[in-house]
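Asker: Residue numbers (the numbering used here), protein chains in the order written: chain H, 1 to 204; chain C, 1 to 141.
Take every hint as true, because none was put in to throw you off.
Taking lysine to aspartate or glutamate pairs in the DMTMM-like style, the calculated list, with each CA pair at most 20 Å apart, reads: (1) K95(C) <-> D3(H); (2) K114(C) <-> E159(H); (3) K95(C) <-> E159(H); (4) K112(C) <-> E56(C); (5) K90(C) <-> D3(H).
To give an idea of the interface, some chain H residues facing chain C are shown, with a C-beta separation under 8 Å as derived from the structure: (6) D3; (7) I47; (8) D163; (9) N167; (10) L171; (11) V180; (12) G181; (13) V182; (14) G185; (15) R188.
Every beta carbon over 12 Å from chain H, so not counted as near; a handful from chain C, in silico: (16) P76; (17) E83; (18) P103; (19) A105; (20) Q106; (21) K114; (22) Q121; (23) P122.
Keep in mind that the hints were calculated from the coordinates and are not lab data.
These figures come from a predicted structure and were not determined experimentally.
Even for Gly, the Cβ is constructed at its ideal location relative to N, Cα and C.
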Amino acid sequence: MSDFLLTQIINYGAPLFALFLCLGALGIPVGASVLVIAAGAFSQQGILDWPLTATLGLIGAVLGDAISFGIGFYAKHWVDDRFGRSSTWRNAQKSFDSRAGLAIYLTRFLITALAVPINLIAGGSGIKFRRFMAYDSLGEFTWIILYGGLGYLFGSQWELVSDFISNFGGLILGVVVLGVGVWLGLRRRRSIESESRNEKIPEM
Amino acid sequence: MNNQINSRQRNFVVGLIIIGLMIIGFFGLRTARAFRQFHGHRPPPPFSEHVETDVELIRDWMTVPFISRMYHVPPPVLFDALEIPEHGNKEKGLKQLNEEYYPQAQGIVLEKIKTTILANQPQQIQTNPETPVVSTVPATP
Chain H
1 MSDFLLTQII NYGAPLFALF LCLGALGIPV GASVLVIAAG AFSQQGILDW
51 PLTATLGLIG AVLGDAISFG IGFYAKHWVD DRFGRSSTWR NAQKSFDSRA
101 GLAIYLTRFL ITALAVPINL IAGGSGIKFR RFMAYDSLGE FTWIILYGGL
151 GYLFGSQWEL VSDFISNFGG LILGVVVLGV GVWLGLRRRR SIESESRNEK
201 IPEM
Chain C
1 MNNQINSRQR NFVVGLIIIG LMIIGFFGLR TARAFRQFHG HRPPPPFSEH
51 VETDVELIRD WMTVPFISRM YHVPPPVLFD ALEIPEHGNK EKGLKQLNEE
101 YYPQAQGIVL EKIKTTILAN QPQQIQTNPE TPVVSTVPAT P
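Bound-form chain H, shown alone (with noise of 0.2 Å):
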């Protein structure tokens, strides 16, 4: 898929460039970092124009995130009747509204494999659309500026920038999935700690 798309690029531009991270960001398979990477060489052999594929991609993005926010939004009916009274969910929900903003800046390009996810869920949290908007775009900045610069650095090698960052991204996803399920196992065990310490003290 990424290959057709690149050919699509390269006859079309910045404005397919960003319709495709504009469809990435709405969790359609595209390839998103792969094509920014691609985009800033494109932009050092004179294929594309820098300034304006960065730009016309950065809004594709942000909107696309803007969507799915909206998506996770309208779902939060939904989500509430069936999750709602479950206070797993609800001190889910309590552990990222206070990790928000770091959460949406570093899925955008650090752990983007997380970054559709992120949307739904900070659609359906409290979180204001005004905030999620502004570490959004911060998020989406660093993506495009990072994996854009490096494909402009590396020009005709770029995709060994890309491969190294691909697995890259999935050795972070690895890394957090890992990390949940031992901070998920610590704070069972002491929670089986205290319950069984209760059990011990004897009533007056």
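Given chain H's structure and the hints, the job is docking chain C onto it.
Answerer: Leaving out everything else, chain C in the frame of chain H:
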């Protein structure tokens, strides 16, 4: 009931840890391999200052005008080598051209393009910075 929830929670946590470790192992190896390949390469000089010469960088999603720009070989030369008309084919990738014009010979378009580029590339001025410049003009006292 409580025991059932506890065992479900424990399974979930253990599952997350196992999946996390599997993802780390899988992508860790691939990242290390990609890093080794990436590490040996330095960024090339800016495009305006050098002509690409490595034909192994040509991919079958590239179009003829794109390759032409990358390797500084005019598009008519490449289309002539492929024996296909330029009109209506400028926006097609090499793979698509191969499927349309040479369905029986897989990869022939890519090979023809590589050979044509090697034969028609403009000469680059080779400068070796490690070679000392020997002056033939005697030093003035």
